[in-house]
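Undergrad: Quick note on the working numbering: the sequence shown kicks off at 1 and runs consecutively.
No lab work stands behind these hints: they were computed from the structure.
Computed cross-link-like contacts, DSSO-like style, restricted to lysine-lysine with a CA-CA straight-line distance of at most 30 Å:
| hint | residue 1 | residue 2 |
| --- | --- | --- |
| 1 | Lys80 | Lys29 |
| 2 | Lys204 | Lys29 |
| 3 | Lys151 | Lys204 |
| 4 | Lys29 | Lys6 |
| 5 | Lys151 | Lys197 |
| 6 | Lys80 | Lys6 |
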Amino acid sequence: MNTSLKGQVAWITGGGSGIGLAGAMELAKAGAHVVISGRSAATNASGLAQLQAVGSAQALALDVADAEAVARTAQQIVDKHGRIDILVNSAGINVPRRSLQVLSTSDWDTVVDINLSGLFYGVHAVLPVMRQQRGGLIVNVSSWAGLYASKMTGAVYNTTKRAVLALTESINMEQCTNGIRATSLLPGEVATPILDKRPVPPSKEVRERMVQPEDMGRAILFLAQMPARTCINELVISPTHNRFYTGEL
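All chains should be modelled from the sequences, with the hints used to inform the complete structure.
TA: Here it is, written out as structure tokens:
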């Protein structure tokens, strides 16, 4: 298996922190030119500095909930580099008030706009160039909640992350003859900043037992380094000390 990604171009939404940045770091180390995008200029700048210390990278401002902006960003990457080989849809959010009793319609719309519509906009934007290339990898970051809904993750998060599975499988059904493959990446608890949005954020000790961002980065690299003939439809990763199993959640 060729483990070098030299000559490939990878675009990671939500790539300035968390799972997105961890994946971007591993892809850059493996030789890919990495483009990260996100809404926060400070987060983009911090992520870019880390990436440029290990490889070739750039950062672009982007709100994935803006379909036209997503399309422009994809075109900007193609215009500059001529291709997009890997898309990692890692941008995602949750809200603190997440049970149906307190979930507002505006919070519902916000989470759907980013976790589902924004993810689709990225897919929609890269499919034409990937079809032209006759190949490409799309990694859609779903969640353990995409398989196992829970009260802790909440109704709108559960809904969007389960929908990601259907969209990913639709990509594989429709685009496999074009050499395009898609993976739903389904992490359990990962120690990323999104945990601060929980009604009761986990303690430092609890976070240390979780899957770490760098673990997810290695998983994304594993997917990128698989032979183009092979599609991993779903990849589920959870902490060994899984609080969904132990009843702590």
